[in-house]
Amino acid sequence: MKKLALLLGIFSLSFAQESLEELKRQLEEQRKIIKELEKKIEALEKAQKGQEEKKAERPLPADRSLQLRAKYDDRLKAYQITPLRQTAFLPDIAFIVDTSLVGRNRKDEEYKSLEIPGLFHAHKHEGHGHAGLNEKRGFNLNYGELYLYAPVDPYFDLYATIPFSEEGSELEEAYAVTRGLPFGFQLKVGKFRSSFGRLNAQHPHTWDFATQPLINKVFLGEDGLVEKGIGLNWLAPTPFYLLFGAEVLQGENEQSFGTDGFEKGTVKVSDTRKPNLYVGYVKTSFDIGNLSLLAGLSYAQGKARINHLEDEDNPHAFAGKTKLYGLDLTARYQIDSIRYISLQGEYMYRDQKGIRYNFDQNSNLIGSPYITKKQGGFYLQLVGRINKQWRVGIQYNLINKNTVKVDGTKEDLPKNLPAYYAMVEYGPTEFSRIRLQFGENRAFYKDGVRKPVKEVILQFNFAIGAHGAHPF
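Residues 9 to 480 (the working numbering) are what the sequence shown spells out, left to right.
These are calculated hints, taken from the structure and not from any lab test.
Just to be clear, a hint being listed does not mean it is correct.
Said to hold, decoys possible - List of simulated lysine to any residue pairs, SDA-like, C-alpha gap at most 25 Å:
no.: 1; residue 1: Lys459; residue 2: Leu109
no.: 2; residue 1: Lys382; residue 2: Val432
no.: 3; residue 1: Lys382; residue 2: Gln342
no.: 4; residue 1: Lys311; residue 2: Thr380
no.: 5; residue 1: Lys462; residue 2: Lys236
no.: 6; residue 1: Lys291; residue 2: Asn208
no.: 7; residue 1: Lys272; residue 2: Trp215
no.: 8; residue 1: Lys462; residue 2: Ile402
no.: 9; residue 1: Lys272; residue 2: Tyr378
no.: 10; residue 1: Lys361; residue 2: Glu260
no.: 11; residue 1: Lys462; residue 2: Leu109
no.: 12; residue 1: Lys409; residue 2: Arg347
no.: 13; residue 1: Lys199; residue 2: Pro162
no.: 14; residue 1: Lys236; residue 2: Lys272
no.: 15; residue 1: Lys120; residue 2: Asn208
no.: 16; residue 1: Lys311; residue 2: Ile402
no.: 17; residue 1: Lys454; residue 2: Leu390
no.: 18; residue 1: Lys329; residue 2: Leu240
no.: 19; residue 1: Lys40; residue 2: Ser27
no.: 20; residue 1: Lys409; residue 2: Asn370
no.: 21; residue 1: Lys311; residue 2: Lys382
As the list claims (entries may be wrong) - Pairwise CB distance ranges, derived in the manner of DEER restraints:
no.: 22; residue 1: Leu149; residue 2: Lys462; range: 35 to 45 Å
no.: 23; residue 1: Tyr341; residue 2: Pro422; range: 48 to 58 Å
no.: 24; residue 1: Asp279; residue 2: Gly111; range: 26 to 36 Å
no.: 25; residue 1: Val160; residue 2: Pro422; range: 44 to 54 Å
no.: 26; residue 1: Ile363; residue 2: Ala303; range: 35 to 45 Å
no.: 27; residue 1: Asp359; residue 2: Asp268; range: 14 to 24 Å
no.: 28; residue 1: Gly375; residue 2: Thr411; range: 14 to 24 Å
no.: 29; residue 1: Ile472; residue 2: Gln369; range: 32 to 42 Å
Virtual Cβ for every residue (Gly too), placed ideally from N, Cα, C.
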């Protein structure tokens, strides 16, 4: 028995020593695992810190505003909210390309020579911009548009739009807007699209159709009312949106205004006093359930100078004054967060008076006929979004008043001049759009004969870069 007890004691002691060694070994392994985990945590913390530093180098526009305030406001410098970085002052940059494939029942040369009697006639356009959209049959590169925006300092934002065509480029818009005037005022200065009416202030890539409405074309020209000047808005402190605005502009728009005089032989017409164009408007908007309404009244007044004396087919000139009235209404019913139905329309009326200048049989310039024009028309369009990618729409245009009197005698001019279009649009994302539009313009004439223009347009529009949201 004593030998058995001795053997059991020796065995127990040996087992205890082996267990202790095993525990020590396991503990050492756990320490190694912990060290590896600590290294991984440290590496992840460094990577996360590096990403945060990169984000700080490229702040959002709100951060850019904060940087500007910190630069000019000594009170904010004491807080040092964010480090001052030069990348914070880089502007938002976007580039837009619009191209189309056009099928038309009129050849290009004939199409360029068509006119709308008493309202619009073809002549050489020296600018670039967006004039001549979908101008030729076949493929068209309508324009490329560079858009720039950034806060200048705590007091001003700066915007610039530079359209490009195959013939060249121009500075279409370049203007500054105040950021925080008291009592609801806002000041705009530079060259900008006038807020007259509804569609004029919008760029072509935001239009619901590929073509310009008739009344905008005949009263404001193919480029629209884009002028150098100053504008002042006042947002009334009402429970609904109510905006009053006034603009003082150079008034160089030749379709209804113009500033440059002309001289031929013994006849001399002086330039207008500059600035030449004065615009006023009031706009309001409010909601009734899912229905949003936007309405506006606009008025423009200025002297008119039109110089087409070098026109080979119809040399003439005009000097007088113009009053232009506008009424616009948009009603949009939101079916759900994506689908909607929008009804939009504008009516314009032009009252123009002045002297028409023509050449007599001896090639002498004479200015005898006194012209009065009372003309008006509208467009009305219905657009619906079916789902996130698809939209459909129809548009009806009509010039319903075209009264022109020469020395009190009424000219025999057509006054019911319609055009109508339909479109189907597919937008894979907010950065691209494919639109099919077809319709007929029955407002064009040549040599007193109506020349209906039937056309099909397949339009492609693409945008890259940072671009502000479009107003509804």
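Outcome of the hint check:
no.: 1; hint: Lys459 / Leu109; result: holds (22 Å)
no.: 2; hint: Lys382 / Val432; result: violated (36 Å)
no.: 3; hint: Lys382 / Gln342; result: violated (38 Å)
no.: 4; hint: Lys311 / Thr380; result: holds (14 Å)
no.: 5; hint: Lys462 / Lys236; result: violated (36 Å)
no.: 6; hint: Lys291 / Asn208; result: holds (14 Å)
no.: 7; hint: Lys272 / Trp215; result: violated (42 Å)
no.: 8; hint: Lys462 / Ile402; result: holds (15 Å)
no.: 9; hint: Lys272 / Tyr378; result: holds (19 Å)
no.: 10; hint: Lys361 / Glu260; result: holds (17 Å)
no.: 11; hint: Lys462 / Leu109; result: holds (14 Å)
no.: 12; hint: Lys409 / Arg347; result: violated (36 Å)
no.: 13; hint: Lys199 / Pro162; result: holds (21 Å)
no.: 14; hint: Lys236 / Lys272; result: violated (28 Å)
no.: 15; hint: Lys120 / Asn208; result: holds (23 Å)
no.: 16; hint: Lys311 / Ile402; result: violated (36 Å)
no.: 17; hint: Lys454 / Leu390; result: violated (31 Å)
no.: 18; hint: Lys329 / Leu240; result: holds (24 Å)
no.: 19; hint: Lys40 / Ser27; result: holds (20 Å)
no.: 20; hint: Lys409 / Asn370; result: violated (35 Å)
no.: 21; hint: Lys311 / Lys382; result: holds (16 Å)
no.: 22; hint: Leu149 / Lys462: 35 to 45 Å; result: violated (23 Å)
no.: 23; hint: Tyr341 / Pro422: 48 to 58 Å; result: violated (36 Å)
no.: 24; hint: Asp279 / Gly111: 26 to 36 Å; result: violated (44 Å)
no.: 25; hint: Val160 / Pro422: 44 to 54 Å; result: holds (50 Å)
no.: 26; hint: Ile363 / Ala303: 35 to 45 Å; result: holds (37 Å)
no.: 27; hint: Asp359 / Asp268: 14 to 24 Å; result: holds (22 Å)
no.: 28; hint: Gly375 / Thr411: 14 to 24 Å; result: holds (22 Å)
no.: 29; hint: Ile472 / Gln369: 32 to 42 Å; result: violated (58 Å)
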